[in-house]
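Participant: For reference, the chains in residue letters:
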Amino acid sequence: MNSRPIIRKPSRGEGSPGDERQRWDEVSISTLVPKMRTLDLHAYFGQAEVLKGISLQIAEKQVTAVIGPSGCGKSTFVRCLNRMHEVVPGARATGEVLLDKQDIYQGDVDAVRVRRRVGMVFQKPNPFPTMSIRDNVLAGLRLNGERPDDPDALVEKVLQRVALWDEVKDILGRAGTGLSGGQQQRLCIARSLALEPEVLLMDEPCSALDPIATARVEELIHELRKSYTIVIVTHNMQQAARVSNFTAFFYLGKLVEHDRTDVIFTRPKEQRTEDYITGRFG
Amino acid sequence: MSVSHEISPLIRPRSKILTRFGREVNWGDFVFHRTTALLAALLIAALAAMAAAMVHGSAESLKTFGWGFVSSQVWDPVRDVYGALPFIYGTIASSLLALFFAVPISLGVAIFLSELAPAWLRGPVGFLVELLAAVPSVVYGLWGIFALAPWLRTTVEPFLARTLGFLPFFQGQQRGFGMLAGGIILAIMITPTISSVSREVLRAVPSALREGALGLGATPWEAVRIAVLPYARSGLVGATILGLGRALGETMAITMVIGNRSEISASLFAPSYTMASVIANEFSEATGSLYLSALAEVGLLLFVVTVLLNIVARLLVWRVAHLPQGGSL
Amino acid sequence: MLSRYARRKFMNVFVRSTCVAATVIALIPLVSVLYYVTSRGIGGISLDFFSELPKPVGESGGGMANALVGTLKLIFLACVFGIPPGVLAGVYLAEFGASRFGKLVRFSADVMSGVPSITVGIFVYSLVVLRAKHFSAFAGGLALGVLMLPTVTRTTEELLKLVPESLREAALGLGLPKWRATLRVMLRTAAPGIATGVMLAVARVAGETAPLLFTAFSNPFWSSGLNEPTASLPVNIYNYAVSPYEEWHRQAWAAALVLLLLVLLLNVSARLLVRSRVGAR
Numbered sequence: 001m002n003s004r005p006i007i008r009k010p011s012r013g014e015g016s017p018g019d020e021r022q023r024w025d026e027v028s029i030s031t032l033v034p035k036m037r038t039l040d041l042h043a044y045f046g047q048a049e050v051l052k053g054i055s056l057q058i059a060e061k062q063v064t065a066v067i068g069p070s071g072c073g074k075s076t077f078v079r080c081l082n083r084m085h086e087v088v089p090g091a092r093a094t095g096e097v098l099l100d101k102q103d104i105y106q107g108d109v110d111a112v113r114v115r116r117r118v119g120m121v122f123q124k125p126n127p128f129p130t131m132s133i134r135d136n137v138l139a140g141l142r143l144n145g146e147r148p149d150d151p152d153a154l155v156e157k158v159l160q161r162v163a164l165w166d167e168v169k170d171i172l173g174r175a176g177t178g179l180s181g182g183q184q185q186r187l188c189i190a191r192s193l194a195l196e197p198e199v200l201l202m203d204e205p206c207s208a209l210d211p212i213a214t215a216r217v218e219e220l221i222h223e224l225r226k227s228y229t230i231v232i233v234t235h236n237m238q239q240a241a242r243v244s245n246f247t248a249f250f251y252l253g254k255l256v257e258h259d260r261t262d263v264i265f266t267r268p269k270e271q272r273t274e275d276y277i278t279g280r281f282g
Numbered sequence: 001m002s003v004s005h006e007i008s009p010l011i012r013p014r015s016k017i018l019t020r021f022g023r024e025v026n027w028g029d030f031v032f033h034r035t036t037a038l039l040a041a042l043l044i045a046a047l048a049a050m051a052a053a054m055v056h057g058s059a060e061s062l063k064t065f066g067w068g069f070v071s072s073q074v075w076d077p078v079r080d081v082y083g084a085l086p087f088i089y090g091t092i093a094s095s096l097l098a099l100f101f102a103v104p105i106s107l108g109v110a111i112f113l114s115e116l117a118p119a120w121l122r123g124p125v126g127f128l129v130e131l132l133a134a135v136p137s138v139v140y141g142l143w144g145i146f147a148l149a150p151w152l153r154t155t156v157e158p159f160l161a162r163t164l165g166f167l168p169f170f171q172g173q174q175r176g177f178g179m180l181a182g183g184i185i186l187a188i189m190i191t192p193t194i195s196s197v198s199r200e201v202l203r204a205v206p207s208a209l210r211e212g213a214l215g216l217g218a219t220p221w222e223a224v225r226i227a228v229l230p231y232a233r234s235g236l237v238g239a240t241i242l243g244l245g246r247a248l249g250e251t252m253a254i255t256m257v258i259g260n261r262s263e264i265s266a267s268l269f270a271p272s273y274t275m276a277s278v279i280a281n282e283f284s285e286a287t288g289s290l291y292l293s294a295l296a297e298v299g300l301l302l303f304v305v306t307v308l309l310n311i312v313a314r315l316l317v318w319r320v321a322h323l324p325q326g327g328s329l
Numbered sequence: 001m002l003s004r005y006a007r008r009k010f011m012n013v014f015v016r017s018t019c020v021a022a023t024v025i026a027l028i029p030l031v032s033v034l035y036y037v038t039s040r041g042i043g044g045i046s047l048d049f050f051s052e053l054p055k056p057v058g059e060s061g062g063g064m065a066n067a068l069v070g071t072l073k074l075i076f077l078a079c080v081f082g083i084p085p086g087v088l089a090g091v092y093l094a095e096f097g098a099s100r101f102g103k104l105v106r107f108s109a110d111v112m113s114g115v116p117s118i119t120v121g122i123f124v125y126s127l128v129v130l131r132a133k134h135f136s137a138f139a140g141g142l143a144l145g146v147l148m149l150p151t152v153t154r155t156t157e158e159l160l161k162l163v164p165e166s167l168r169e170a171a172l173g174l175g176l177p178k179w180r181a182t183l184r185v186m187l188r189t190a191a192p193g194i195a196t197g198v199m200l201a202v203a204r205v206a207g208e209t210a211p212l213l214f215t216a217f218s219n220p221f222w223s224s225g226l227n228e229p230t231a232s233l234p235v236n237i238y239n240y241a242v243s244p245y246e247e248w249h250r251q252a253w254a255a256a257l258v259l260l261l262l263v264l265l266l267n268v269s270a271r272l273l274v275r276s277r278v279g280a281r
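If you read the protein sequences in the order shown, they are chains A, B and C. If you're matching positions, the first sequence starts at 1 in my numbering and goes up one per residue. If you're matching positions, the second sequence starts at 1 in my numbering and goes up one per residue. If you're matching positions, the third sequence starts at 1 in my numbering and goes up one per residue.
Bear in mind the hints are in silico, worked out from the structure with no lab data behind them. No residue lacks a Cβ here, since even glycine has one placed at the ideal position from N, Cα and C. Don't take every hint at face value.
[Unchecked claim] Just so you have them, the derived chain C footprint on chain B, three or more residues with Cβ under 8 Å:
hint	segment
1	86 to 95
2	167 to 178
3	215 to 224
4	302 to 308
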């Protein structure tokens with residue numbers, strides 16, 4: 001293990017973590033409040049065990065990246081955090097997943113309610129094709145039978161948050177699928193944000209986007225971190241280094257290492273982590 | 001900018017009741033599943049009820065005549081004696097005649113549309129062939145009475161009598177109405193069925209086979225004959241059987257042109273009577289429970305035969321083409 | 001003697017022409033029917049046709065107003081009986097249909113769609129008409145609805161299965177319960193396609209005659225409500241066509257024209273619906 005920086009975080013413009021670098025060095029995982037925790041989480045697809053006892057803390061109002069080679073279970077892990085894992089027939093999970101100290105896998109907890117508090121953005125942007133941009137944003141509320149007091153204000157506020165308002169404010173009535181890939185993905189993020197979740201899960205949100213759109217989404221994540229706890233799955237290590245505060249490295253269904261991002265990428269404690277980061281596999 | 005709403009509880013109080021029924025914690029999911037399942041069961045129930053109703057309705061006739069029903073030619077409402085042989089003959093003969101005309105034509109259409117036609121022609125012509133299926137049966141019957149039958153009587157049947165009159169098929173009085181008219185009109189009506197299913201079957205043949213033959217220097221027709229048709233053969237047979245099933249069950253058009261006389265004759269000019277026609281003509285006026293029961297038994301026979309043919313046909317077609325086996329067939 | 005190659009080329013052209021000929025032969029009846037119905041039907045179309053009741057033979061000026069209304073009534077009833085159960089059964093098959101029960105449902109639907117329509121008439125006769133001891137529009141509509149049911153079910157199932165799963169995931173991710181996600185997102189997305197299938201089913205059922213012969217029967221007068229026998233276009237065409245009266249033949253052609261236009265309208269709009277959806281993408 002050497003102390004040479006293996007991946008350098010590129011310095012960014014205003015609002016980058018660089019401003020806080022002074023205080024950041026003193027921070028470690030244990031001092032931050034965990035918004036979510038998993039305790040010995042196992043996940044199965046039928047007989048196959050995909051997650052083998054994951055115990056991990058997700059810090060509040062931080063961005064936690066989940067990285068690892070294909071098939072390591074990172075998507076499955078994140079889908080367990082909002083009980084989307086069990087939607088697939090034959091899938092099940094054991095162990096505890098705590099949201100603010102309450103186990104969401106406990107017997108009488110309603111998965112539907114969990115998903116209101118823990119939102120999700122998917123790999124391929126999936127705006128509802130039968131709805132306009134405006135209706136897409138409001139879809140989460142409307143489909144649940146809720147009526148927002150001032151829908152237009154809500155739509156504007158949420159689209160402003162994802163930096164989409166200026167681009168679409170004149171075409172709110174157009175179909176959601178008529179936008180570019182990056183815009184669609186930001187629309188999907190807006191759609192999730194309209195429900196005011198506490199946690200936002202993002203499963204490889206940029207892998208279907210071009211580099212420019214990717215950069216914009218990453219900027220957005222940076223902004224959102226101030227208000228939401230974010231967990232992002234990514235196979236792109238540079239992306240993890242750019243956007244996250246904490247990184248968890250998964251390998252073959254096990255959690256290998258979890259630490260501050262700068263630690264993971266410059267002085268990882270595990271050999272396998274270093275091997276992955278330096279590109280020796282995966 | 002922190003969110004200032006009340007954090008909703010994760011637990012729904014009512015759901016405790018439903019966890020006893022299984023995983024469904026949400027009562028909405030429970031009701032949804034059961035309701036849709038109930039309506040799906042309706043389909044099974046409808047089919048079963050149909051079969052049961054037909055058997056029940058035929059019970060009296062089945063008991064009275066037994067097997068003699070299908071072998072007896074006597075259909076006499078006055079004496080209350082019933083035998084369905086003339087109708088069985090009429091149905092089978094008219095359907096086979098229809099196949100005789102329709103299969104080559106449908107196959108030609110299918111091959112034309114799927115293999116030989118230029119791309120721009122396929123859409124419109126395909127649409128027109130499907131339009132053949134859209135015309136209601138009774139409209140075909142109307143056309144049959146006033147256009148087809150006179151044409152047969154004045155032009156076709158005399159011609160056939162002159163040239164092929166030594167054959168028993170083309171003897172007897174030429175009325176226009178009769179077996180020939182019935183066969184032709186049925187052929188027209190089953191052509192879109194056979195040809196569209198055949199098209200699907202031919203389309204399902206992997207193009208690699210076709211291209212392999214072409215690559216060896218075969219002409220387009222040879223590629224079809226050598227590579228495509230053998231592969232598709234069982235599917236094409238299935239399409240034909242589907243057409244046969246449709247022909248057997250066809251009612252209105254054939255009733256209007258076939259003459260409705262229960263006699264068995266080899267001549268195509270002679271009138272005949274089909275199972276569906278006798279039901280259509282006599283059911284609403286049938287008096288006496290045995291009469292009604294006999295008609296119901298005719299219906300039962302028709303039902304059983306078409307169901308069996310349908311199953312066989314779908315198995316054959318499915319083997320080749322993995323069709324979405326929908327009601328469009 | 002032709003060379004081998006020339007013979008093969010000739011064969012190719014010969015078969016090609018034969019197939020073209022077959023196609024032409026197949027389409028001749030269509031052209032003929034359209035020609036006859038239009039030319040002979042136009043003559044019978046008049047204001048009387050749409051507004052008058054049938055008059056006794058010999059009197060002029062009779063119409064088929066009651067049959068037109070009757071057909072509309074029957075189509076409406078058929079939709080009520082056939083569409084809601086059909087769509088929901090199709091939803092069941094798409095969502096939960098992998099079980100043995102689902103296979104049985106699918107099998108029943110496929111078998112039912114191949115059964116002769118007159119058999120359905122006998123079925124509804126024994127179920128409804130015998131018990132009520134009279135013919136009724138209700139019975140006729142039920143028969144037509146039963147005819148529509150398998151088609152609507154299978155169409156719904158096929159089209160729901162085509163909707164990408166990512167939309168369901170998006171809906172679930174937003175905190176929708178499964179049933180809401182299915183109904184309000186998946187079904188809604190598949191709706192235009194399902195509407196097309198339903199329109200085609202209605203078109204087929206609108207022209208059906210045989211099952212009506214002993215369910216809705218016929219009626220020379222207005223039929224009020226749903227519990228009386230009712231005249232309908234197809235049954236009238238049949239009765240008038242086989243009658244010996246010239247005047248009735250004329251009316252039969254006119255009715256055939258109206259019926260054909262109705263059926264063609266439904267068919268063409270259904271296909272246009274498909275095309276516009278695809279274009280919008």
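Participant: To test your reading of the hints: which numbers does this structure violate?
Facilitator: The structure breaks hints 1, 2; every other hint is satisfied.
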